[in-house]
Each structure stands twice: as structure tokens, then as C-alpha cells.
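Chemist: Chains as they are written, first to last, in our numbering: chain A, 1 to 293; chain B, 1 to 309.
Just so you know, the hints here were simulated from the structure itself, not pulled from any lab data. Keep in mind that this is a model prediction, so the values were computed, not measured. Mixed in with the good hints there might be a few duds.
[Stated by the list, open to error] Computed far set for chain A versus chain B, every beta-carbon distance over 12 Å:
hint, residue
1, 146
2, 190
3, 271
[Claimed, not checked] To give an idea of the interface, some chain B residues facing chain A are shown, with a C-beta separation under 10 Å as derived from the structure:
hint, residue
4, 15
5, 17
6, 27
7, 30
8, 138
9, 143
10, 145
11, 216
12, 226
13, 231
14, 234
15, 235
16, 262
17, 269
18, 283
Even glycine gets a Cβ: it sits at the ideal position worked out from N, Cα and C.
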Amino acid sequence: MNDLPNPSKRKSWLDHLSGMPPSILISAIWIVFMILVAVLADVIAPYDYKHMDLLDRLRPPIWLENGVWSHPLGTDDLGRDVLSRIIFSIRISLFVALMGTFIGAVLGTSLGFAAAHFRGRVDDLIMVLIDFQAALPFLILALAVLAFFENSFLLFVLIMGIYGWERYARIVRGLALSARSHGYAVSMQVLGATPARIYLRHILPNVSSAIIVNMTLNFPETILVETSLSFLGLGIQPPLTSLGNMVGFGRDYLLTAWWIVVLPSMVIFVTSLAFSLLGDWLRDELDPTLRGN
Amino acid sequence: MNPTVVAIKILRASITVVLLVTFVFVILRLSGDPAVQMLGLEVSDEALDQFRQRWGLDRSIWEQYLSFFWNILHGDFGQSFIGGRDALGVVLERLPKTLQLMGLTTIFTFGLGIPAGIYASLHRNTIADRAIMGFTVASFSLPNFVVGIILIMILGVYFRLLPTSGSETWLHYIMPVITMATADAAIFARFSRSAMLEVLHAPFMRTARAKGLMWGQAVRRHALPNASIPLVTIGGMYVGRLIAGATITENVFAWPGIGKLLVNSVNLRDLAVVQCIVILVGVTMVIANLLVDIAYGWLDPRTRTGESQ
């Protein structure tokens, strides 16, 4: 039996696409839609998200009695257009999750490489840091940092960047350790390539699928942590808005204006569900160790 | 397990605790003058000086670190803004409410999640399996606060069946426990399903069948005990999720526990209380992870390395 991967028979991206189950296809379409909404927020939002109209407060969405087309999803307690606020919240929440995921991936991957390269003391130190991260639920860590420092958008994005770094570090360290003993890494070393070159040009492409899978799975979790902190009033601060903020501020109006809470909640749910489904599917597609299970 | 292995694990756990206290010390120092941070700007210079002396802030940074450590070892986390009370006391009086919530949640999590996962594994690829797995994926994507708010909306506001805030009667427990248990039960369902699937196809199951056991007997005697071992490994993660889940859920339902206290203290910048909660949570997690580690080594003979009998 010859189980060695044959390069000519490797699946192309098109093959991946055509093999998508319907649920994954819908998830992908939803994600593309969300990204478009986030990018085009200024163009498609009918109002500025801060624009208040105190004479037109708590107007219900169009499908309910008293709904008007000028505010298709109604208005909130300050007469702000809910549709516009959701659009801008999607922008902020996706941006924070994207930056958080990106920072976490870079930080974790670098530390994983450092641990694999230097071994010894550096490795021990990084492993102790991983232990430490495992000893403090991220939400508590974030709350602690937010208590001690003045909350700002930049600080908040940096905190979200810490989320999940240890998983990248652990995965990358393990993969880099085994890659170092592979022929290609050893031969590059013999040829005189610098460690940075070996890691970035040769080992990184080989571990990238694991990193990408972890990023896709990390992304929805980051959305959930961000919206949770914003819900508690300790994340994104007004006048900026996030999906969590909207739920947090809308909870006082559950009786009279449920749409302020329910609509952003649905967006959070569907978006993170779409990313989770896509991430699970990607993991099964890209991770060779799981193939055939 | 080998005593040296246990000793090394305990040493690593202790290092983590030291790191935790150091982390709190460092962010407290980085964020400005601790005396002002802890007491606020509205206090007299005298009080500030007194505070600095008590916490050794007039001495070198290393001496400060040691005295910080010393105080914490003695349970002195400083004083809360509110009423100038001992921070540890403020936190501990909220502890029972949080523990009640976590205990009840755990009962429901295990009681619903594990049987559902086992059922799904035994009926693989049936509609029931798909439904259970679909539900678990969906509930991963539902943040606690959304579940809580939707429950409040339906059961509290619309049907007016249950109280939406506080913890006075047993009715108050229902919604917070459902909120916390949904996502966690999903995790256990998923995990116990995959653990079961792994052992159901193991050779020892074929042997058990071959020696004449009924399928149900083989599952009970051989599959379940073996599948329960990997469940132990998520114990540490579960404690972390419980703590994070309680923090959010308590704030949704105005539950007078530690999670509500933490968020209030962060808002008021009541740092003595915050650092006390952070360290208590960290120590709890370290102990939980250590116990999981030791229990796993004890349960699974394959991980008992270097043992001479």
C-alpha cells in the first residue's frame, strides 16, 4: 500500500469548494456578507450610528405595528436607527476579533518558534507562561487588566490579542520541534541559512495550515469574549458601539423594545456559528492527521 | 504514581502561583501609584503615607515585592473602598452564592451532557445523534449573556413565570442554572460522544463480545469505564469555564456572587477586591489542573511512567 501523498493528486481549492456541504456553503456566504457589511458600513448604513432622534424613540421594526420604512429595524431608546447601529457594530466587532486573532497568532507562533529553537531556559519559561495562561480564565485576566488600566480602544484590542496565544504557541512549538528534525530543515541549516530564514521561509509554510485552522476556530471565540466584555460594559466604550454593547444597553427595554436586544444577539449567534462550522470543516479538510476518521 | 513525578507537578503548580502573584504585582505597579490606585484620589496625604508604609512602598521594588507576597500569603489583600473592609472578607461572604450556582450547574451539566453524548455515540448517524450534535454546535456559538437575556425575555418578561434578578427563592436559581448549563452540557455531550466512539471500536470490545457478553453488558462493563478516563482531562478547562460563565451569568441575573462583585469592583476600580478575586480564581484553577493531572496519571496506567513495582 502506498499512502504517501501524491502532489499531483492534492486537492485544489476548487475541489475543496465543490465538496462543501450546504451548511458550510451557507456559513461561507454569511461570512462574506458580514465582511462586506463591515467594509461598506459607511456606504450602506442609512444613518450615522450616533445620530439620535429623541422624538422617534423605541420605534418597532417594519414588520410590526407602527413600523416605518425609514427605520426598517426600528429605533432604540435614544431614537438611534437600530439597522445602522448593527451595521457599525458588525464593523467594530469583526475588526476587534480580526485584530485579536491576528495578534494572538503572531504572538503565539513567535513564542512557539522561540521555544522550539532555543530549547532549555527559554522553552521552560514559555511553558511556564502557558501554564500561567491555563491557570487564569481569559475573562478574569481581561477584567483584571481593565480594572488596573484606563480602558481604551487600543488597550482593549491588545487584550483581545492575548486571547488564545497559548494554543498557537503549544501547537507551533510541537510542529516546529518535529519539523527541525525533518530533512528540509536540516539541509537548509547545512546550507547556511539563518534560523530566521529557516523558520519563516521553510517551517512556517509547513505549519501554516494548523495555524489557519486555529485562527478560524479562535475567531468566533474572540467574538464571544469581546461581546461578553462589551455586554458587561467593560469592553468597547460608547460612543463606539459593538454587538455586545447593544445587548447590554438594550436589556432595560426587554418589555417595550425587545428588538434592540434580539437583533444584535442573532447576529452574534449566526456569525460565530458560521465561523465555528467553517473552522470545524477546515480542520477536517486541512489536518492530515484527522483525514479518514 | 511516582512520588517524584507528583513532586515535580506540585513544584510546577507552585511556580504558576508565584507567577500569578507576580502578574498582579506587576500590573498594579505598571498602572500608577498603588497608594492612589488602591485608595483613590480623595483621601488625605496621611492615609496615603500610612498605606505606603503598610505595603512597604517607600522601600526598594524587591522589598516591595516580597512584602506584597508576604501579605498575600497571610490573606491580607488590602482593604476594599467600600466601608474600608478587609478585601478577603468581602469576597468570601459572596462565595457561597457562587458555589451554589456552580454546584447546581455541574449537576445539570453532567446529568444532561454525559448521557446525551453516550446516547449519541451508541446511535451514531441517527437523527437523534445529528440533533444532539447540532444542538451542541449551536450552543457553543450562543454566548451566556444572550441565553440569559432570551430566557429573561421569554420566562421572566413575557410569561412572567420566573423572577429575573436576585437569589432569594429556589425559583431564582432556575434561569441562571439553565443559562450556565446549556453551553457546558454541550461540551460534555460532544466530548463523551467522541470518547465513547473511540472505545466502542477498540479491540477489547470485540473480545468482550466474542467471550459472549451482550452488547449492553459490554458497553456497561468495558466501554463506559474506559471512556470516562479522557473525560477527566477536561476537568480543569471545565472549572475555568464555570468561573467565566458565572461571572457573566451573575451579572445578567443580578446574582449576589463573586462574579457580580468582580465586575462591580472593576467598574469602581476597587483594586484590593479585584486582586483578591484574581488570585483566588488563579489558585483554584492551579489546584484543579493539578488534581486533574494527578488523577489522570492514576486512572490511566499507560501514563504511569518510570514506576517500578
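Chemist: Run every hint past the structure and note whether it holds.
Modeler: To see whether the hints hold, each was checked on the structure:
With a cut of 12 Å on Cβ distances, residue 146 of chain A falls inside the contact zone with chain B, its closest approach being about 6 Å. Every beta carbon of chain B lies more than 12 Å from that of residue 190 of chain A, the smallest distance being close to 35 Å; the non-interface claim holds. With a minimum CB-CB distance of about 8 Å to chain B, residue 271 of chain A fails to clear the 12 Å threshold, and the non-interface call is violated. The closest approach between the C-beta of residue 15 of chain B and any C-beta of chain A is roughly 6 Å, which is under the 10 Å cut-off, so the hint is satisfied.
The interface hint given for residue 17 of chain B is met, as the beta carbon of that residue sits about 8 Å from the closest beta carbon of chain A, less than 10 Å. Annotation: interface hint on residue 27 of chain B holds; nearest CB of chain A at approximately 5 Å, less than 10 Å. For the restraint placing residue 30 of chain B at the interface with chain A, the shortest Cβ-Cβ distance is roughly 8 Å, inside the 10 Å limit, so the hint holds. Taking 10 Å as the C-beta cut-off, the interface hint given for residue 138 of chain B holds, the closest approach to chain A being about 6 Å.
At its closest, the beta carbon of residue 143 of chain B sits 5 Å from a beta carbon of chain A; the interface hint therefore holds under the 10 Å criterion. A hinted interface residue such as residue 145 of chain B counts as satisfied when its beta carbon comes closer than 10 Å to some beta carbon of chain A; here the least separation is about 5 Å, so the hint holds. The beta carbon of residue 216 of chain B is not positioned within 10 Å of any beta carbon in chain A (closest approach about 26 Å), and the interface hint is therefore violated. At a threshold of 10 Å, the smallest CB-CB gap from residue 226 of chain B to chain A is about 19 Å, leaving the interface hint violated.
Annotation: interface hint on residue 231 of chain B violated; nearest CB of chain A at approximately 18 Å, more than 10 Å. At its closest, the beta carbon of residue 234 of chain B sits 12 Å from a beta carbon of chain A; the interface hint therefore is violated under the 10 Å criterion. Below 10 Å, beta-carbon pairs count as interface contacts, and residue 235 of chain B has none with chain A, the closest being about 12 Å; its hint is therefore violated. Taken as an interface hint, residue 262 of chain B checks out: its beta carbon lies about 6 Å from the nearest beta carbon of chain A, inside 10 Å.
Because the beta carbon of residue 269 of chain B sits about 6 Å from the nearest beta carbon in chain A, less than 10 Å, this interface hint is met. Taking 10 Å as the C-beta cut-off, the interface hint given for residue 283 of chain B holds, the closest approach to chain A being about 8 Å.
Checked against the numbered hints listed earlier, the structure breaks hints 1, 3, 11, 12, 13, 14, 15; every other hint is satisfied.
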